[in-house]
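Place chains B and C on chain A using the hints.
Chains as they are written, first to last, in the working numbering: chain A, 1 to 297; chain B, 298 to 706; chain C, 707 to 1070.
Some hints here could point you the wrong way.
What the hints assert, rightly or not - In silico DMTMM-like links for lysine to aspartate or glutamate, alpha-carbon gap of 25 Å or less:
(1) 609/B - 687/B
(2) 262/A - 481/B
(3) 262/A - 494/B
(4) 757/C - 389/B
(5) 867/C - 494/B
(6) 886/C - 415/B
(7) 356/B - 595/B
(8) 459/B - 497/B
(9) 757/C - 415/B
(10) 704/B - 432/B
(11) 757/C - 414/B
(12) 459/B - 550/B
(13) 757/C - 1008/C
(14) 757/C - 416/B
To be clear, the hints were calculated from the coordinates, so they are not data collected in a lab.
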Amino acid sequence: MSYFFQLVISGVVVGSIYALSALGFVLIYKSSRVLNLAHGQIIAAGAFIAYALTVWVGIHIAVSFIMSMIITFFLAMSVERVFLRRLIGEPIISVIMVTIGLMSIIDGIIYLTPFGAGNFSFPEFLPKVPITFWGVSLSWTQMVGVIITFIMIGGFSWFFKASTVGISMRAVSDDQFASMSIGISVPKVFGLAWATAGLSAAAAGGIIGNITGLNFNVLHSFGIIVFPVVIVGGLDSIFGAIVAGIIMGLIQQFAAGYLDGKWGLHGTADVLPYIILLIILLFKPHGLFGIHEIERV
Amino acid sequence: MRNRRITFMLVVLSFLLILGFSVQAVAGETYKMGLSLAITGPTSDAGDPYSKGVEDYIKYVNDEKLLGDDKVECFIRDDGYKTEVTKRNFEDFLDENIVFYLNYSTGSTLALKPDFEEEKIPVLPASFHAGNLVDSKYIFLPIASYSSQAVGLAEYVANNYKGNGKAKVAMFIHPSAFGRASYDDVKKAIDAGLNIELVEIVEHGKDLDNTAMLKRLKSKGVQYVISHTVQPPVATLLKSAQSLDMIASTYGEEGKITFMGAHYAGGPGLIALAGSAAENYYWVTSYKLMSAKGPGTDAQHALAKRYGRDDKLANDSNYTNGIMVAQVAVEAMRRAKARGNKVTRASLYEEMVSMNGYNAYYPLTTVGPVTYSKTDREGVDTLQLYVAKDGVFHELGLPFSPEYVKKIK
Amino acid sequence: MSENRWLATGNFFTSYRAEQRIFLTNFDRLLFTCFLVLLFVWPLVFEVSNKYMLVIDSILIAIVAVYGLNLLTGFAGLISIGHAAFVGVGAYTLATFARILGGDHVLLTHFWPLMIMLAGGVGAVIGAIVGLPSLRLKHLYLVIATLSFQMIFQWIINFSKFFNQGQTIAVGRVFWFTGKVGRSEHYFFWYYVILVIVIILGFGVRNLLRTKHGRCLVAVRDNDRAADAMGMHPGFTKVYAFALAGFFAGVAGALHAYLWRGVGFESFLLHHSITYLAMAIVGGLGTLVGSFLGPAAILMLELQVENLAEFVGHYFTALGDVATAFRPLSFGLVIVLFLMFEPRGIANWWRIVRSYFKLWPFRY
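One chain only, chain A, in its complex shape (with noise of 0.2 Å):
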């Protein structure tokens, strides 16, 4: 039983890594319509500006965690500002292409500094020894991770709820001439999404580089899994986002736990995200909290 118990902890833990970096995609899509298949990227690059201020500035790595979200902040907003302002308008592929071109210039800048290739691990600052309960381990660096994620997911849902700005950005993707006739500027609030996304990609690299340790190709397959995770949840559902991640998460454990080795089968966990979505998606075409457009075919 507490083996079971374990694979729930660490698929919870695993899960809210995913639902912090899936937020960040929700938000572009949820103002802007557009599918950003660079937020790996964004994630690695903040994992390695959180490392390069911490090792070679030598700020305290709580500092430089939310100083590299700032970095990151406005990294996103540039981004957004020099290559998708122009594409407002043009049709959805040609913006997707964009975002994957992105994905090659954030690489190739990447292998311009030493981090393309290459081990590195942030400096250990939390306690080694694990935390057990009931037969179930959990490490210091993954309960922080867990912590984070809820604070900033709740922060998130605050923003959009309560504030100004979040509500013009939901106006936004509602209807964007509507909100244009209210006064909110639209391109701005595209700019902000992106920013946003970027301050919760460099929460989640910071999260992952401290459980794994920094090796651009880890981070680069993990900028895949986010995708299955963000369609089941629903594109532009933040809630979805969250309980879409837990979930594929809690499925990647149990996969490893109870399939693998098994009838032959390995590295089941890789899989497993995909084959659920298809099935998901059979049943519920727009994920499982997605925005439900009445279509026939």
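Only chains B and C this time, still in chain A's reference frame:
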């Protein structure tokens, strides 16, 4: 009289002309080699230092005139770990008429195997995959294959097991041909009498967290995990194990798991990635580590300093690897020349297969001699066990040669 | 005013059939024939090294694959990030035969045209199956469904023992009427084979676009509800589009397997899907000419970047890291710059040049 003078002049002139051309011929040839590897892209943390090792050694050979008047030219190209690009680079090198080829990735070595056989060119890849030697005559492994290393580790476990019954071992391998070959050979060794019990083989995916797997292994009573994969998955594994407080702090500690790994599943890069979770990790390879002092270490430092490389590179184990393969290639060329043969693919192949017994080659970079023969195309057969203590790998014991490797051949 | 069939002096069509001619003027047809003759003759005249022949062959194979992707994404409007998986399906069909019968079996080496068509057929079937979600999913959800197909394909190949777990499965050298195609003629021979296939399939695509089925694709892209109202079946059309893309990709995969004499899973990754999509877009989405120009541009760019990187690495060794970051940087920059400034791709430039010459020496 006048005719005679003219004839004499003509004879002298033609003599001088012939002399002029023949002087050109003895001015020194250039032997060409090719290397296609991942300087960027996946595994470039190993590929980048490797390429610099080869480059520096070749420069050294030319500067010190180790081959007399002849020079060696090595074309180094980046393929980003993509097999298509490697193949393209190989075709390009063939157009340049290379006589020796250094390859890198397992995938491309296997894909190009039929080409190597057709072109009859000796190849020394950075991949120690035993499958490279199947159906091929021209591929030589620099050191013991991954399979031999895994068998060596398994042997060490069997020999040092103090409990009753058999040691329970699990293997953690890379989900590709690179990972699987080692476990086939460990299985064969067990069939040939190796006294361990292989509880489970885990092919890892891109997991962020190995808790489930570790708990499962623990519940099956596994005490030793032999890893054969690249560094990042091992680092994730070790970090997960550390958070579950599962890492043995001494060899074979009861109730805990001792983690061990073959060549690419360890090294200073692993310590950089896993931090304190890599404490007490056992690693086996045939190369000398820069943390062990000796003539090899000094020579490597001197080489790095001579060509302006930084300290991090000078201490990198992949820099050692690169130097070593270049050393073997140049040595083969030197021997061919010493025998009075022209340096061609065929003569180099002959030199490679006769590098055994009294003709074994002792580069300073490895723990044992490089021996090749028609039946044994694994270079250095001896392995050295290292253990990570205080963030550095230290030698443990003397170099040894696993016996079961010979038994399963 | 009578119609002049040699020069385009105006629109004087008197029947639909005339308007739908592939070559609007006889002059066009003549130029095209000369170009074709040139394509067939130039390797006999110029000596090209194996490496460049390999690059050219790769470009031609990419053209075949991009035909399919262009039909799917450009004409039917269904974005797919799983195209490399379809190509892989074609290649692995051959690999299945190689695994069961042996890489040098007669079927593979003597009946290779049959095998190529069979691979195309298998690709079409798998394409249709993967296209089934398009009956329910729209736009971005469909994109991610194709992504999942790509990932599932990668996982199946990598973990199944039958496919040698991703390792290369060797395919032998083929036989032609003159005997075995040896090493030195290999790239040369396949250049002609692939060129013939490109031309035949190119005509096929062009023809498709002037038939009912082609118009159906475009109609469904533009407004599938209106198309439904007009009596077309949007669902069937979408699955049909996927099947077509699968067919072209399957053929490309089989050619890839024969050219590289082996099938390994490293050639069919997500990165390759993205490259195919980039080729389609940089070339010009929704145009036939784009299918030619896109792959040529992207693959030539990669080659030049490699040369540049090697050059820089050779002479300025300290900048070695900079040079090797060029490849993803240039790839991304090309895509982004094209989309920002020339969203209709290189085919647009071709169109402008062509219309200039059509009316030359007149300006308008």
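Tell me the numbers of any earlier hints that the structure contravenes, in ascending order.
Of the numbered hints given earlier, the structure breaks none, since each of them holds.
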